[in-house]
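Chains as they are written, first to last, in the working numbering: chain S, 1 to 301; chain U, 1001 to 1546.
No lab work stands behind these hints: they were computed from the structure. Among the clues, some could well be false.
Here's a subset of chain S near chain U, in silico, CB distances under 8 Å, partners left out [stated by the list, open to error]:
#	residue
1	76
2	87
3	91
4	93
5	104
We put the CB at the ideal spot given by N, CA and C, even for glycine.
Chain by chain, the residues run as shown.
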Amino acid sequence: MDNAIAISGLHKSFGRTQALNGLDLQVATGEVHGFLGPNGSGKSTTVRVLLGLLHADSGDVRLLGGDPWKDATSLHRRLAYVPGDVNLWPNLSGGEVIDLLGRLRGGLDQRRRTELVERFDLDPKKKGRTYSKGNRQKVAIVAALASNVDVLIMDEPTSGLDPLMEATFQYAIQEEREQGRTVLLSSHILAEVEALCDRVSIIREGRTVETGTLADMRHLTRTSIIAELAGPPNGLANSDLIHDLKVDGNRVRFDVETKALDSVLKQLSQVGVRSLTSQPPTLEELFLRHYTAETAESVAK
Amino acid sequence: MTATLERLPAPPSGPSHSFVGTWQLARLALRRDRIVLPLWIVILSVIPSSNAGAYDTLYPTVAERAALTASIGANPSVAVLYGPAFDLSTAGGYAAWRLGGFMALFIGLMAVFTVTRHTRAEEDTGRAELLASTVLGRYAALTSAVLVSGAASLLIGLISAAALAGAGLPAAGAFAFGLSTAFAGLVFTAIAAVAVQLAEYSRTANGIGAAAVGVAFLCRAVGDSTVDTKWISWLSPIGWAQQSRPFAGERWWVLFLPLVATVLIGAVAYTLLPRRDFGVGILPPRPGPAVAAPGLRTPLALAWRLHRGPLIGWTIGLAVCGAVFGSIASGIGDIVGDSDQTRQMLERMGGSSVMTDTFLAAMVGVFSMTVSLYGVQAALRMRSEETSNRVEPLLSTSVGRLRWAASHLVFAFLGSAVVVLVTGITMGLANGMRTHDVSGSVGDMVLASLVQLPAVWVIVGVTVTLFGVLPKAAPAAWGVAGAALLISMFGPVVNAPQAILDVSPFSHVPKLPGQEVTATPLAWLCGIALAALGAGLVAFRRRDIG
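Whenever a hint applies, use it, and build me the whole structure from the sequences.
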């Protein structure tokens, strides 16, 4: 079995609201897969379908080769889940919750539990609501990471964590990857996604719009070029591959489709290049393009 | 240019005292309570006048009314439940005796739930924090809750007074009845305002408030049923409502007691409020263990942690009530003797011709109806676990939905059985020690209590059905339990048609001791409870969580 998670054509609606509209998601066994999309795009709904908490309207959903709805309990022995908004029982301490969830999953690695509690600087004696948001997240994270499971499903797990704990979390996920565990990581923290994820899927309005490695995706976007040439540029304005061209004497400034970078540079060097700055697209630009494209389209209509 | 010298406009100035924003919060509370509060108001306002109307049909002649006064009026064992009978010769006096105490009791519960819902519960969810960051005075949240609860109390009092007067009863008595009820609501509003300062969580605050209402009822029950300790009734806000004697030579000065108490207790709440931190009670939270006990490894073990507090509280509360009423029961026959009217009266409450048995049977009925409220509370815990996102982490482990539901339903069904059983035992013990037949009495009362269980289970079963089929409407289970309670408690008194009485499962259980045990209705009730449970669980397995 290649894919730990395989979803195709998933539909789910709540009353009149169409939450998922033909979503596809493939997560290979042993990879850390980033799951991205704007707020309300259907990430949490997908995760809850994967956990068998919601019944899909249509579409094919396989988790570790099983049906998440029918085989929920047997599959759940092999996965751990960290919700984005952890709510603890007011009269149970954090330590008790960690142990309880671990035992209900079918086993807890005591050594790893102790180690994680220490690394995440968590006071396990506090009770439910006396924890801050970040500390509640830590309880769920420790409970998940200390469990002996194959798959980790995390829905914005680091919301509320401080930068130090964010680093601790990233380190812990790296360890999980080395152990060969599969991780589905829904996140809005792009640096986290960049640092951890082998591949990412971007969804929007309940549909997958992009899947691949970050390098692949970068390739599909534009690079910004600022160059000072030996003479006046010619022919640049006619190229389809060049956007937002600004010419100021011998200085040019434009964006170019990354796949056409080579040919455009050749064109520039024919004139003679005195200086050149090239800026690859930032992650933010990459995601913003995907997040906002649909809105722009619908406005255009 | 002068424009560049201009500063940004100053922030709009406004009041900044400790109560600023109270009015807006009160309007928010009314908006949120637009269904619950009108229900309380309508139901509580309508009951007194509907009851007064039945008086003329029940006791048409002067002779019957005189006999009623002579028998019931002098009977302390009846006074335990309904309070002192000051004047049973008029419809108003009868209604005030029969309902005054219960009106004060229920308005007290309304006040406790309303105040908690808009203060402590809001802090628990974190919504209050968002509001508190706006221009909101320190006392605004508490004051708005107190205003809403107080206004609802006054409205209930005024509407019920108007309805009584409209039914042709003396205006002075109607007004006294309405005010005494409303003022009881004010006292419990103040008590709830203190409870929400003390408790760490809204659940605890509701518990403290409801316990205060229970203690108030118990105080007046004890005071009214004895000769030498009548002063105990005067400790109770419910007692004050009755001692103002509506329709029986109104004692208007008594109405000052609840007003003074409201101000004093309210002052305590307002003194405590600035002395506690937001989101924390005066009673501080204690740290817990760093590692879970070895036993905490199943959903049932978790459910025990969540349910044990309420279960122990309910068991102790009802056990005490059982002991109090059990110890009083044997006195009833001595006083009433062979009075036909009393016997008929008690028979209408449902029972045999033996006075003590009838009284015990009526009490067992009241207790089991009360236990059904525990059953609803325990079953609805599933819904509150679901809405607060605590069920998702559990269901994402190897725990299946049915196993998780079963862990809570053990407490809803078997927990109710424990409370019913313990109440039966304490009732039997207390009665048996008076009659010098402990073993016989305990056996009788345990049997009497247990035959009520199927009716309790029907209510719990319907709660599970609602939870499974219409999760968003699950709190309507309170309405189901309340309706059954009202029908069985007050239906017979107002000569309600049999078709209505039959709706309540409590109308179908044998009233022991005194009646024959018949298996058929019990089997039917168990069957209905089981079907309702099954329907709810099947639907729960198929539906979306959240």
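Here is how each hint holds up against the structure:
no.: 1; hint: 76; verdict: holds, 5 Å
no.: 2; hint: 87; verdict: holds, 5 Å
no.: 3; hint: 91; verdict: holds, 6 Å
no.: 4; hint: 93; verdict: holds, 3 Å
no.: 5; hint: 104; verdict: holds, 4 Å
The earlier numbered hints are all upheld by this structure, with none contradicted.
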